[in-house]
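Construct the complete structure from the given sequences, taking the supplied hints into account.
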Amino acid sequence: MNISIERNPNPAKKPDPSKLGFGKIFTDHMFIMDYTEGEGWHDARIVPFGNLQIHPACTALHYGAEIFEGLKAYRKADGKVQLFRPIENIRRMNRSAERLCLPTIPEDIALETLTKFIEFEQEWTPYEEGTSLYIRPFMFGNDKTLGVHSVKEATYVIITSPVGSYYAAGINPVKIMIEADDVRAVRGGTGEAKCGGNYAASTRAGQKAEAKGYAQVLWLDGVERKYIEEVGAMNVMFKIDGEIVTPELVGSILPGITRKSCIELLKSEG
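Using the working numbering, you'd call the opening residue of the sequence shown number 1 and step up by one each time.
I should point out that these hints are in silico values taken from the structure, not numbers from a laboratory. Idealized CB from N, CA, C, for every residue including glycine. There could be a bad hint or two in this list.
As the list claims (entries may be wrong) - PhoX-like cross-link-like pairs, simulated, lysine-lysine; straight-line CA separation at most 20 Å:
no., residue 1, residue 2
1, Lys260, Lys72
2, Lys239, Lys175
3, Lys14, Lys24
4, Lys76, Lys116
5, Lys239, Lys226
6, Lys175, Lys260
7, Lys80, Lys14
8, Lys267, Lys239
9, Lys212, Lys175
10, Lys14, Lys76
11, Lys175, Lys208
12, Lys80, Lys116
13, Lys152, Lys72
14, Lys72, Lys24
15, Lys13, Lys24
16, Lys72, Lys144
Claimed, not checked - Here are the computed distance ranges between Cβ atoms for each label pair:
no., residue 1, residue 2, range
17, Val231, Cys101, 38 to 48 Å
18, Val231, Gly188, 14 to 24 Å
19, Ala233, Ser4, 31 to 41 Å
20, Glu129, Gly23, 14 to 24 Å
21, Tyr199, Ser150, 16 to 26 Å
Take a look at the structure:
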């Protein structure tokens, strides 16, 4: 796919790897591609990182026609940069797009544009242990009308951020609060789609948990309010009497790539 490139004339200084945090520092460039019904995806481009200009009637602003993904690039011992199963993120994003009536991206195009952009920005992938380059692809409906309908215009963007641990305490046990009032999602809703609305709806419980000294919320099912479904930032697994147990994917749980990989590894071990 032809990707035009506009280099940032004012590249930023690489950050101190010990002070990265999560999602606060961004690289010099971003990838953008547009969709128009009847024309498909077009105008793929790498441009300097900056603000997006959108119409006030943009579909995403009024009706939540927005999805996103999250994956990482890692610096290997030999200095090269690698991705972890990016095709799984691409497929999950397309499933999210179908649920929210956004256009899907052919897998070969999505993988090509992703890998070329990460190759372009690879110098931002930190070398230190416990760090990585976080990749945030996202798509939003960009129709310039207030009518409710399936999306006819959309924008796909990839931004990247060098990161450390998601939690301030690092990879250590975290305190989790069981949420008994709010529910994250129900079967038939958008729980299995990675869309902003799911996360906005979970913020209230997250604030309550934080105020009580907890790092995350453990969500129960939306009907019985007693079956464990997932934790705020991740899928959940338990080891019970030597057996690994995890909630089923029934439409209300985001199908995690790490979850899938763990299950495949466990099955391969017999």
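Numbers of unmet hints, in rising order:
6, 13, 16, 17
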